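Going down the list, the sequences are from chains A and B.
The working numbering applies: residue 1 is where the first sequence begins, and numbers increase by one.
The working numbering applies: residue 281 is where the second sequence begins, and numbers increase by one.
No wet-lab data here; the hints were simulated from the structure.
Any given hint might turn out to be false.
[As the list claims (entries may be wrong)] Listed below are several chain A residues computed to face chain B (Cβ distance under 8 Å; list not exhaustive):
| hint | residue |
| --- | --- |
| 1 | Pro12 |
| 2 | Glu43 |
| 3 | Thr69 |
| 4 | Gly87 |
Since we're looking at a predicted model, the values are computed, not measured.
The beta carbon of each residue, even a glycine, is placed where N, CA and C say it ideally should be.
Single-letter residue listing:
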Amino acid sequence: MYKILKKVNLNPTVTLMEIDAPLIAAKAEPGQFVILRVNEEGERIPLTVADFDRSKGSINIIFQIVGATTELLNLKQEGDSLQDLVGPLGVPSHTEGLKKVAVVGGGVGCAIAYPIAKKLHEQGTVVHAVVGFKTKDLVILEDEFEKVSDRMIMMTDDGSYGDKGLVTDALKALLDAGEQYDEVIAIGPVIMMKFVSLLTKQYNIKTVVSMNSIMIDGTGMCGCCRLTVGGETKFACVDGPDFDGHQVNFDEAMQRGVMYRDFEQKCHQDVCNLYKMEVK
Amino acid sequence: MANMSLKKNEMPAQDPHVRNCNFQEVALGYTEAMALDEATRCLNCKHSPCIAGCPVEINIPAFVMKTAQGEFEEAYQIIAKDSSLPAVCGRVCPQESQCELVCVRGIKGEPVGIGRLERYVADRHIDNVKEKPVKPEPNGHKVAVIGSGPAGLTCAGDLAKRGYDVTIFEALHTPGGVLVYGIPEFRLPKAIVKKEIDGLKELGVTIRTNMVIGRSVSVDELLTEHGFEAIFIGSGAGLPMFMHIPGENLKGVYSANEYLTRVNLMKAYRSDTATPIKKSNRVAVVGGGNVAMDAARCAKRLGAEEVYIVYRRSEEELPARAEEVEHAKEEGIIFKLLNNPVRILGDEQLCVTGMECLEMKLGEPDDSGRRRPIPVEGSEWTLPVDTVIMAIGTSPNPLIKSTTQGLETQKWGGIIAEEPSGKTSREHIYAGGDAVTGAATVILAMGAGKCAARAIDEELNPKQ
């Protein structure tokens with residue numbers, strides 16, 4: 001069960017895995033996610049379905065190595081299996097009736113933005129993709145975005161590839177040049193989504209963000225992923241993960257996102273040390 | 281001649297100051313001598329009120345008589361006829377408000393320790409009996425059970441015993457529902473739950489984990505595409521409630537569901553597991569039920585120096601079992617009764633620093649028959665804590681309702697089902713347990729599962 005069919009390192013810290021999961025592949029829609037466990041003692045982590053192949057019965061996940069679990073996941077090779085995989089969870093992204101959309105992706109968030117851009121493109125929506133990365137070496141999914149967008153703008157923080165600057169700079173330039181969008185879909189680090197939302201608020205453009213909160217079950221049972229949207233508490237796992245960016249309390253979400261940072265760093269260190277010992 | 285001692289044989293238990301630092305089982309179980317002695321307290325009275333006191337109608341006098349005669353396996357088999365989970369029920373059933381409440385011996389003195397005896401014979405069976413149950417002759421009918429908690433396990437077990445091909449669909453990665461994610465190890469060891477579930481598998485029940493019905497597969501697809509002729513929904517009441525007071529989204533505020541799931545299902549108390557949990561020093565648990573007691577006792581075991589139960593009514597109204605309250609007190613949990621939180625306070629990093637409470641007094645009885653708590657004006661005070669756990673109840677998950685057309689529910693989310701059959705507004709679909717009643721007890725859920733199994737059998741396999 002849940003066999004890894006393909007593994008590709010997209011950049012030094014981001015990996016793509018294609019996983020055998022016919023039931024999930026049959027139902028998955030852009031914007032939905034899965035929860036997986038790498039091993040019996042492992043934690044449950046949510047990852048967005050980055051792509052799916054209904055006929056082959058497989059889904060893709062793309063993850064960045066940020067902690068112990070993603071480090072362990074990255075040690076798995078083609079032919080290995082995951083302990084657990086459940087999904088598709090969450091509400092699919094709303095794409096109906098959109099004529100022209102700006103899809104803004106930041107870093108590994110592009111993995112979530114891509115299937116949405118693809119779906120929009122396939123249904124005939126005009127897609128402008130703005131993708132941003134820290135530096136050239138971290139760029140992922142460039143060809144994929146190229147294929148599904150009518151216009152693509154590549155940004156890097158340090159200017160080593162594409163234009164120098166943040167995705168908000170590029171989006172602002174587009175808006176100031178008179179581009180009109182039915183919606184902006186922004187997916188990336190919380191801080192990026194916050195500033196995209198602040199920007200689009202000035203232009204009064206509906207903005208959807210995808211919240212990657214900490215989760216356990218992913219079915220509404222624990223409430224760990226709760227966030228404040230328009231003054232109300234929502235659960236990212238069942239009410240989202242997509243929310244109105246102009247309503248989300250991003251500062252709270254940022255704080256909740258780092259709640260276990262010390263623990264995570266220590267675990268990550270332990271896994272790395274164990275791995276080093278094994279390699280020796 | 282019956283043993284006329286007025287008191288039950290006491291349950292041996294770990295010392296409170298030792299056990300509040302470990303996750304091993306608190307109650308250690310009777311010895312054979314204790315079980316034999318306790319069983320002889322039963323008068324085997326003719327009208328046997330205890331049987332009607334049991335939601336699954338175990339023939340209690342018969343099993344207690346066999347126990348008194350030292351025929352423990354026979355005693356077990358009598359229980360097993362009516363209960364799929366004897367070792368679980370012997371531990372977590374509220375016997376004091378069911379079978380033992382109506383025991384004739386309880387009129388003068390303490391009732392027979394029925395629960396303790398049940399646990400003894402069930403544990404003895406698990407330890408000694410190795411032969412596997414005989415798989416019943418298949419009857420060719422396929423039934424799906426949604427949820428592997430007490431309701432689902434019971435329904436599945438009863439149907440399997442009648443020859444049905446049963447598949448249980450479980451959303452989490454481990455079967456057991458609330459028995460594994462909710463009730464802590466020290467009250468119900470997970471090895472016991474696993475053994476009971478293994479027993480069902482030996483009867484031929486298939487369990488598919490990681491299946492969220494309504495997402496992975498819908499109820500209708502189970503009926504139309506997967507060949508199931510009937511469905512039992514035992515998906516429980518998994519949605520945590522919050523108080524909707526300021527500060528509830530601060531870091532360090534947990535739902536009891538989250539806290540207990542981290543500790544029990546994900547084993548955050550063990551150093552060899554990857555799931556984190558906050559290291560707390562001062563913890564306030566809001567609520568007064570068994571779940572609140574469980575959360576408080578877990579927090580204590582995880583090393584918190586001070587753990588408070590904050591409850592808006594008085595001790596008399598605490599919904600938790602008396603035994604759990606007693607155990608919590610022994611372990612050093614501090615009860616702040618007649619207090620209601622009004623807001624949770626935090627620092628710049630949004631970490632919890634305290635909880636503001638308002639003192640309450642009791643007024644006239646409300647709809648629930650309990651005296652209504654009334655705020656005492658101007659009595660606000662702050663309890664300095666770094667963690668708050670909300671244990672104020674749960675409601676059914678709306679996922680199945682929202683993905684199953686024509687399945688009627690109450691306003692608050694409970695699936696509408698006929699008593700006792702569990703028939704819903706949709707043909708071939710049955711429901712029972714917390715998904716119907718809202719959060720209740722393990723044994724009531726089992727009773728519902730049992731009745732639904734009977735009704736499903738009547739539908740699919742009507743007697744000629």
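How the hints compare with the structure:
1. Interface hint status for Pro12 (chain A): violated, as the beta-carbon distance to the closest one in chain B is roughly 23 Å, over 8 Å.
2. Interface hint status for Glu43 (chain A): upheld, as the beta-carbon distance to the closest one in chain B is roughly 4 Å, under 8 Å.
3. Look at Thr69 (chain A): its Cβ gets to within about 6 Å of chain B, closer than 8 Å, so that hint holds up.
4. About 7 Å separates the beta-carbon of Gly87 (chain A) from the nearest beta-carbon of chain B, less than 8 Å, and the hint is met.
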